[in-house]
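A.B. asks: Protein chains in written order, with the numbering used here: chain E, 1 to 680; chain L, 681 to 782; chain C, 783 to 1311.
Treat the hints as calculated values from the structure; they're not laboratory data. Even for Gly, the Cβ is constructed at its ideal location relative to N, Cα and C. Hints should not be assumed to be uniformly reliable.
[Stated by the list, open to error] Only pairs whose alpha carbons sit at most 20 Å apart, straight line, appear in this in silico DMTMM-like list of lysine to aspartate or glutamate: (1) Lys369/E - Asp588/E; (2) Lys110/E - Glu507/E; (3) Lys114/E - Asp27/E; (4) Lys967/C - Glu686/L; (5) Lys967/C - Glu1014/C; (6) Lys650/E - Asp1114/C; (7) Lys584/E - Glu441/E; (8) Lys1184/C - Glu551/E; (9) Lys538/E - Glu551/E; (10) Lys967/C - Glu923/C; (11) Lys1267/C - Glu923/C; (12) Lys117/E - Glu59/E; (13) Lys650/E - Asp775/L; (14) Lys29/E - Asp112/E; (15) Lys650/E - Asp776/L.
[As the list claims (entries may be wrong)] So the derived list for chain C, only partly shown, Cβ under 10 Å to chain E, looks like this: (16) Gln1019; (17) Gly1035; (18) Phe1043; (19) Ile1216; (20) Ala1235; (21) Val1268; (22) Ile1270; (23) Leu1291.
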Amino acid sequence: MDLIWLVPALPLLGFLTLLVAGPRMGDPKSGWFATGAVAASFAVAVALFVDLQSMPEYERQVTQTLYTWMPSGSFEVSIGFLLDPLSSIMILFITGIGALIHLYSIGYMKGDPKFSKFFLYLNLFLASMLLLVLGDNLLLTFLGWEGVGVCSYLLISFWHTEPANATAGKKAFVTNRIGDAGFMLGTFLVFVTFGSINYADLRPAATGIAAVTATAIALLFFVGAIGKSAQIPLFTWLPDAMAGPTPVSALIHAATMVTAGVYLITRLNPIMAQAGWANDVIAWTGAVTALVAATIAVAQTDIKKVLAYSTVSQLGYMFMAVGTQTYVAGVFHMITHAFFKALLFLGAGAVIYSMAHEQDMRRYGNLRKYLPVTFVTFFVGWLAIAGVPPLSGFWSKDEILAGVFNYGAAGPALWVVGVLVAILTAFYMTRQLIMVFFGTEQWRGVAPVPAGAVLGASGAGAGDTAPEQEAESPTVQLGEGSDEPTAHDDHTGHGDHHLMPSHEPKEAPWTMLAPLVVLAGMAAIAGLMNLPFSDQFKRLEHWLYPMIVFENPLPEGPTLVGLAAVAIAAAVVGIWFAFFVYVKRRLDPARIELPILAEGWKIDSTYAAVVGGPGEATFQGVADADARIVDGAVNAVGRGSLGLGTLLRKLQTGLVRTYALGVAIGTVALLAFIVTRMNL
Amino acid sequence: MLELTETWYLVLASLVFTIGAVGLMVRRNPLVQFMCVELMLNAVNLSFVAFARSLDDVRGQAIVFFVLVVAAAEVVVGLGIIVAIMRRRQGADADDISLMRG
Amino acid sequence: MFGLPTQDEPIPFDELPLDDPLLFDEPAGVVIPDIEWSAIAPNLILMLGGILLLTVVSLVRGRTPSWFSAVWTISTAVFAGVTLVPLWQRVQDDGAESVMAGAIGLDGFSLFVTGVMCLSVVLGALLLEGYLRREGLAGPEWYVLLLLSASGGVTMASANDLIVMFIGLEILSVAVYVMAAMHSKRVSSQEAGLKYFVLGAFSSAFLLYGIAMVYGATGTTNLVGIQQFLSETVLTQNGLLLAGFAFMLVGFGFKVGAVPFHNWTPDVYQGAPSPVVAYMASGVKVAGFAGMIRVFVVTFGPTYGADWRPMVYALAMLSLVVGSFGAIVQTDVKRMLAYSSISHGGFILVAVAANSEAGTAAALFYLLVYTFMIAGSFGIVTIMGRTGDGLHALSDYRGLSKARPGLALLFTVFLLAQAGVPFTGGFLAKFYVINSSVSQGQYVLALIAMSAAVVAAFLYLRIVVAMYFDGNTYRGESATLAGPKVRIPAAAGVALGIAVVGTLWLGILPGQMTSVAGDAVAQLVAIGP
């Protein structure tokens, strides 16, 4: 138990070592070193887990305080770690999947000129993420929260030779800052209410607080969670974040960081239990996000974009769960999703790797012949996410749906949305599977796409191009117009793909396949954690039980079976319909892949138009690089700030006389105030 | 016969102060602007003296000497800077000295 | 006729009632008060150091080597800093007291601020050394003025009498006016000096008028006396006193660059020599805030807090908004940093508006952190200005990460610290400020402060982006730093090292300094009897 600090410290050590010696260690040594650091961290996490399990149920809460960071009177913040059922299970899957993705990256990033830097960021990310889940108070969690945000920013922009990536990185940064403000304010409100920000102190005191306060705290933290976990309305950054290397998408934007919001809400469940309608807000936001993102995923053609929107959608599912106070199901789905979505992303990465960094699914097809291992593992991932029993996704999704159904008056309505999303999920994942691994080999005989055809990094900036034209242009990033080949080999800078008709896809190296196999195994069996059959199978529920104040009970008996049947039916319908459209060709796909869906309901471009978000449209018109950055930064806050700034600029005339006038006006204003307070 | 209380002096001081402040805003010659500042300081001196008188406290009058010294020091520095600028840019008024703005 | 009503005809000089107890407090002429020199040792060392330096270099035949003045100045400041230690111990043991016939407060607060001023002098002198050589400017006067100005700042921070504070402020300011104008080769430097001077004198007059009004209302300029008077007396007419508040606030607001008295800041920061700006932004602001806190929080806070807090509240709000938004449209890094310093000033004003011990401690901590990070930032600007001190456009920073990765990294740290990123001092400084504000119920202000911090983050991001994510690289061109080669003088390197260590140290292990700041506030002259 004294080793808790080692869990975040090992990746941090890896980071520091790579910072000093990274370039000298080079490729692939630095990658192996980083992987080793995370694997060691995983080993410690396992040991801690076993240790914790051996303790009596209600003592499973260990705090380790390293030192007092901020002593300031009544308000004391320590650098301390809290190991309890929730954090122990979080660190297990974070370090586990993290180690696998590190291993995978050794192959994926091979030959990249910034190889060691990539691992340096990855290690820093994991250290921050572990700090986030292990921190024993809100401020420490916030530090991790900020840390993962910065790393995410750095990793999305990793190939920042491409402007889209730098833009996407900035977008993620900016969006997350909005969420951070919510987190910060929530923390202050917690401190004002409880006089402490330690999780250990919140639980006993939470029952005594006013419902209004609890609701306010819950909503503030939910704003934070929205930003980090890409929920409506702040979800547009996540699809853009796909500009980063694929392992990053798998680790940060699928498995770990984006689930931080779910973790946070679960962690604060004692407050949520008092928060009344804030829970409904969370549940409905999750439901709407899940539905909207799932519809968008239907029409994406970029292999990673599909998965990105799918992630947003699945996160919506998790929020539905925690919003309906079905925390166990939420955490359960978070874990299973981490496995199968990481698997799918890594599989997609392997495909992209084999296909000369082409990401457009319309140029794939029949890859199962060339990439058997990737295909089989991807197939497992597909089964899992589509909700086919007995794979893990089915169990967790079913549990969420059951819990949602049981949630008061709004339950059935939410449940209907959930089932719809389940159908859509099965549909778009089947579509992806078919487009990638079945059918004809589309890259043969297709002329290279014309340069200069530019789509938004979000897949949303496409503007008014007709669907047919669009079908011919790649949904890949900018940089398309780049004439000069980048200095490094084609693993980086996936804008300059050269997928020739003669291309023969080859399976990725073992460092990439091994993680796929392991994850496929986990995605298949992770459902064992929490099976609904009888009490003894509900291991996760028992494990988490001590730290959850109020859990929405699942329905029993026939209802549960009925709901499960519907869930299975949903999966079947979705898969069947995809077959119907994409294999049998009974229905023109264009009638489903509506342009408005491909453009993400125009949400991103609407943002760009209304607040002038740093969408591609804004950027293209601005040739000057600096002006672009200014616009990007400024527009994110709104054109108003620029107006205000310009106004301020005009007031700054450079004349002493005007400045003196400013002083005088200020004085008069102060005196005017004074007059109101005078008693003569 | 009009009886002059301290209030009269205070009002006069505030008027002089205002004249100085407004003068700084409307005049363009740096020297005149500077004189306006002196006017303001001396208005304050007058107030100090008047207050000292009404409080029957000598410290207020002593303060005036400190202020005079400070004002003298400012004159030295201010004239130095003004002369340095004028040497470079002959005939410039205060509004011309606005390279930096925005 | 004309004359004062209480006195019918002038009294001849030899009949002046010199022993009139009403005229002098002591019956038999002036009594020289006991002067405890050791209590003002740091201040004396700074001032004498400056004067001695001036004397020495003018007596020595020929030119003194350029390093001499710098070493002298730094040693003086360090020496002054060392003498703080026994004084600090004394204050912690025996409590705060006023010395020099009640004119100077010897308390934790003044000692803390003195320490920060010494730090700021050390950093300023280190930056000046290489700068003067690069620019080919003559040496010793700069250092003399630096020391004298610091002595004025210390006087201001430890003054227990409004007039002493005014004199301190003038010593501080007059020296800085000259320093701002002293780059004889740059027109903009002289323009900056003139603007700063005219407006500074203008605002000093306001401050002085405010002092006069407070004197008129309370009958004394001694801060302890004022506090006692106000706590014992209920004023039937408070107009004069409140008007005094307003006028004094103008004076202090100007010195700390609070909106709407901030207009000079961008112009002066842009024009003045960069190392001087490093000192102005840190030292002058620290002294200004010290004076403001001592007058408003310590003296007027207990009795008239409700009257001045809304004014400071408004200034804080305006400063945060204008500072953050004004910076966005700038293309000159010095102006950007000037606006960001306005925004920082707004943050400190938030702590002042809290009108509490926690707020004052937060302000002190913020000022310490601020000194490190702003001196560091302007240190980079000093180096990057290159010969002529003119290359300050954002585009001049493009590609710095390639040409000088270390410098780019340091600047990033300073900028992140200013943005308030965790594990830098800036985060905790902002955190304490907001915390003190929230605990006084200033939720709206706290909210604005946080939003302003978010907006300001864009500004810092912009500079970082210019250094790292250069716009040209994606076209395949390599980003190269335009302009002459960047040279880092050894002394400036040391200054940057100190600044970065301080910034990070206060972010990672702040415990010591926060408790020192807390102790400093606990020992204040005018609090309690």
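A.B. asks: Now look at each hint and say whether the structure bears it out.
C.D. replies: How the hints compare with the structure:
1. Simply put, Lys369/E and Asp588/E have alpha-carbon atoms about 26 Å apart, too far for the 20 Å limit, and the pair is violated.
2. Distance hint between Lys110/E and Glu507/E is fulfilled; the C-alpha atoms sit about 15 Å from each other, no more than 20 Å.
3. Only pairs whose Cα atoms come within 20 Å are accepted, and Lys114/E paired with Asp27/E is accepted, the gap being roughly 9 Å.
4. Simply put, Lys967/C and Glu686/L have alpha-carbon atoms about 51 Å apart, too far for the 20 Å limit, and the pair is violated.
5. A threshold of 20 Å between alpha carbons decides the hint, and for Lys967/C with Glu1014/C the separation of about 57 Å lies outside it, so the pair is violated.
6. Distance restraint check for Lys650/E and Asp1114/C: the Cα-Cα separation of roughly 16 Å lies within the 20 Å cut-off, and the hinted pair is therefore satisfied.
7. The straight-line distance between the Cα atoms of Lys584/E and Glu441/E is roughly 17 Å, inside the 20 Å bound, and the hint therefore holds.
8. Simply put, Lys1184/C and Glu551/E have alpha-carbon atoms about 55 Å apart, too far for the 20 Å limit, and the pair is violated.
9. A distance of roughly 14 Å separates the Cα atoms of Lys538/E and Glu551/E; the hinted pair therefore holds under the 20 Å criterion.
10. Restraint check for Lys967/C and Glu923/C: the C-alpha separation of about 16 Å stays at or below 20 Å, so the hint holds.
11. Between Lys1267/C and Glu923/C the alpha-carbon distance is near 28 Å, which puts this suggested pair outside the 20 Å criterion.
12. For the suggested pair Lys117/E and Glu59/E, the alpha carbons sit about 41 Å apart, so the restraint of at most 20 Å is broken.
13. A distance of roughly 16 Å separates the Cα atoms of Lys650/E and Asp775/L; the hinted pair therefore holds under the 20 Å criterion.
14. Note on Lys29/E and Asp112/E: the hinted pairing holds, with a Cα-Cα distance of about 13 Å set against a maximum of 20 Å.
15. For a cut-off of 20 Å, the pair hint linking Lys650/E to Asp776/L stands: about 17 Å separates their Cα positions.
16. A least Cβ separation of about 6 Å between Gln1019/C and chain E falls short of the 10 Å threshold, and the interface hint therefore holds.
17. Checking Gly1035/C against chain E by beta carbon gives a least distance of about 7 Å; that is within 10 Å, so the hint holds.
18. This hint holds: Phe1043/C has a C-beta 5 Å from the nearest C-beta of chain E, less than the 10 Å allowed.
19. Restraint check, Ile1216/C versus chain E: the minimum CB separation of about 7 Å is within 10 Å; hint holds.
20. Because the closest C-beta pair between Ala1235/C and chain E is about 9 Å apart, less than 10 Å, the hint holds.
21. Taking 10 Å as the C-beta cut-off, the interface hint given for Val1268/C is violated, the closest approach to chain E being about 20 Å.
22. Violation of the interface hint for Ile1270/C is found here, the shortest Cβ-Cβ separation to chain E being roughly 21 Å, above the 10 Å cut-off.
23. Because the closest C-beta pair between Leu1291/C and chain E is about 8 Å apart, less than 10 Å, the hint holds.
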